[in-house]
Amino acid sequence: MDNVTEQIKERINVVDVISEYLKLEKAGANYKALCPFHNEKTPSFIVNPERNFWYCFGCQKGGDIFSFIMEMEGMEFRDALERLAERAGIELPKFSPGAVKERSSKQRLLEILDIAARYYQEQLKKHPKRWEIIKYLRARNVTDDLIDNFRIGYAPGGWTNILSFLKAKGYGEPDIEKTGLLVKKQNAGNERGIYDRFRDRIMFPVLDVSGKTVGFSARVAPGADESSAKYINTPETQVYDKSAVLYGLYQGKMVIRSNDLVIIVEGNMDVVASHFAGVKNIVAVSGTALTPRHANILKRYTQNVKLCFDMDEAGQRATRKSIQTCLQTGLDVEVILLPKGQKDVSDLVSADSKKWPIIVEKGIVVMEYFFNKILKQYDSNDVRTKKIVARDLLNIIKDIADPIEQSYWLKKLASSIDVDEEVLTEVLEKSSVKKERENRIIHTQQNNKTITKQKTRQEILEERLLGLFVLYPDDLKKKAKNLSYQFIGENQKLWNDFISGKAESSTKLDECAMKVKYIRDGIQGLIENEIDPLKDWEETVIELNKAVKDNRLAILKHDIKKAKEQGDEQAINILMKELAIILSYEQAE
Numbered sequence: 025m026d027n028v029t030e031q032i033k034e035r036i037n038v039v040d041v042i043s044e045y046l047k048l049e050k051a052g053a054n055y056k057a058l059c060p061f062h063n064e065k066t067p068s069f070i071v072n073p074e075r076n077f078w079y080c081f082g083c084q085k086g087g088d089i090f091s092f093i094m095e096m097e098g099m100e101f102r103d104a105l106e107r108l109a110e111r112a113g114i115e116l117p118k119f120s121p122g123a124v125k126e127r128s129s130k131q132r133l134l135e136i137l138d139i140a141a142r143y144y145q146e147q148l149k150k151h152p153k154r155w156e157i158i159k160y161l162r163a164r165n166v167t168d169d170l171i172d173n174f175r176i177g178y179a180p181g182g183w184t185n186i187l188s189f190l191k192a193k194g195y196g197e198p199d200i201e202k203t204g205l206l207v208k209k210q211n212a213g214n215e216r217g218i219y220d221r222f223r224d225r226i227m228f229p230v231l232d233v234s235g236k237t238v239g240f241s242a243r244v245a246p247g248a249d250e251s252s253a254k255y256i257n258t259p260e261t262q263v264y265d266k267s268a269v270l271y272g273l274y275q276g277k278m279v280i281r282s283n284d285l286v287i288i289v290e291g292n293m294d295v296v297a298s299h300f301a302g303v304k305n306i307v308a309v310s311g312t313a314l315t316p317r318h319a320n321i322l323k324r325y326t327q328n329v330k331l332c333f334d335m336d337e338a339g340q341r342a343t344r345k346s347i348q349t350c351l352q353t354g355l356d357v358e359v360i361l362l363p364k365g366q367k368d369v370s371d372l373v374s375a376d377s378k379k380w381p382i383i384v385e386k387g388i389v390v391m392e393y394f395f396n397k398i399l400k401q402y403d404s405n406d407v408r409t410k411k412i413v414a415r416d417l418l419n420i421i422k423d424i425a426d427p428i429e430q431s432y433w434l435k436k437l438a439s440s441i442d443v444d445e446e447v448l449t450e451v452l453e454k455s456s457v458k459k460e461r462e463n464r465i466i467h468t469q470q471n472n473k474t475i476t477k478q479k480t481r482q483e484i485l486e487e488r489l490l491g492l493f494v495l496y497p498d499d500l501k502k503k504a505k506n507l508s509y510q511f512i513g514e515n516q517k518l519w520n521d522f523i524s525g526k527a528e529s530s531t532k533l534d535e536c537a538m539k540v541k542y543i544r545d546g547i548q549g550l551i552e553n554e555i556d557p558l559k560d561w562e563e564t565v566i567e568l569n570k571a572v573k574d575n576r577l578a579i580l581k582h583d584i585k586k587a588k589e590q591g592d593e594q595a596i597n598i599l600m601k602e603l604a605i606i607l608s609y610e611q612a613e
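Quick note: the sequence shown uses our numbering, first residue 25, plus one each step.
Hints may contain errors.
[Said to hold, decoys possible] Restricting the straight-line Cα-Cα distance to at most 30 angstroms, the calculated cross-link-like pairs of lysine-lysine (DSSO-like) are:
| no. | residue 1 | residue 2 |
| --- | --- | --- |
| 1 | K436 | K345 |
| 2 | K400 | K345 |
| 3 | K532 | K573 |
For the record, the hints were derived by calculation from the structure and aren't laboratory data.
Model the full assembly from the supplied sequences, consistent with the hints where possible.
Have a look at this one:
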């Protein structure tokens, strides 16, 4: 596999890949741009065509063409590999249907779902009932192009259509069931036992960001029994997680990025109808409010969100929860209000498609929306309503991640209900402390194996030595071999492998080299360091030795204090001797 990745990187230049997503500007031998992975005004993202590598000095992300595609598209490595291999004209090992058992469980499910989606698409073209479906879709402004773009299909009535079709293709019932395409009856007396989940329904495949089918949303077909659920969705599976999938993101991601805005709606038909009206930077949640995982996925493309959920009670609850998620994750959020009598975007576009692009422009800043909504119940002569208004708005203000924005709305609330700002601040702080304590407990319970540790001065200097050696191996070969120093953790293995020639390159080594070669400048962005390899090496080694000594001194002083508290005289004597040795060396220097 390493050989394949190297072949791909030889054929595809990192500049060509990244320039499809970002506006790159020439900067000496390199290129620079605003980083797509965090907000910034001064470019800190650089692309080095010589090393076929990219790195951001702002968020410290970096890598090759594979890692860039994985970050931008939310793909796993295999998906990025397949996409770039196709672009490079390199054929990867193929899997035949007869070898399906040898493939990973996840890959088998994705393959089954893709075949099912194609089956449903074919049924929409050939089934006797297709004209009824087409007539319905036409009435909702769904054109042939939109049918193809969103891969819309039809699941015929009948209990075992997809089951029989997939079994004939060589797939086993257990794997088909894992995709969510089947329902298994618990009642042993039921003759059918297991049958198709989707029957006589219009099928909307749910695609991940790379365009793979991970599930389905299905609307009851016109003329069918509408006493059952109007929409049913694929249940949670190994490949379908509704808290992490957004309908329409695959079709709209590039428009979202170019417009720097995403519109979030509830229904699949809302997304398709919006495309008909020319508004393509739109996604839909799948039967849930926006989740933190959704928000983090969207932040790869934009910081700006406009919510337009249904006007019914359930839609308003989803709006409230989604707003909370946006505020907590630092997204800038507005609310789009539909005209009276229009339940959702699909209805609006059916009535007059020209109105939707105009309405999209008229979003209301979310806090203005809540202030207008909640202050309607305010009575300046009733202290009880004052308390209710304060409670409801503070409950929203506390979720605003930006402190300046939070302070602004706190002042506005104080002025609106004639209460001292200090009082509201105190209430907010108490609420925030409680929330932080609860979050800390939850984090400890759920992530007790995850420790986020900031790099020490010692580790930073180690990485500088690695970076210098990567950039100037001939100049520093002798110095490197004579270095008598034990690196921390993975840095030691990386060092050993690199100086012995076992590891010619790696993402970590490239990052170390980039940090050495370039520095950040508050005005100019990125500028190249002037480097004297031998001098820099000597100075870094001196700083590293000092960092090691300072670190050991800090540990010794801490241990001596603890030994004194415990009355352990033997430990105190041993530790004091070591301390004296280190200090004597320091005086000699």
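The hints, checked one at a time:
1. K436 / K345: 23 angstroms, holds
2. K400 / K345: Holds: K400 and K345 sit about 21 angstroms apart, inside 30 angstroms.
3. K532 / K573: 26 angstroms, holds
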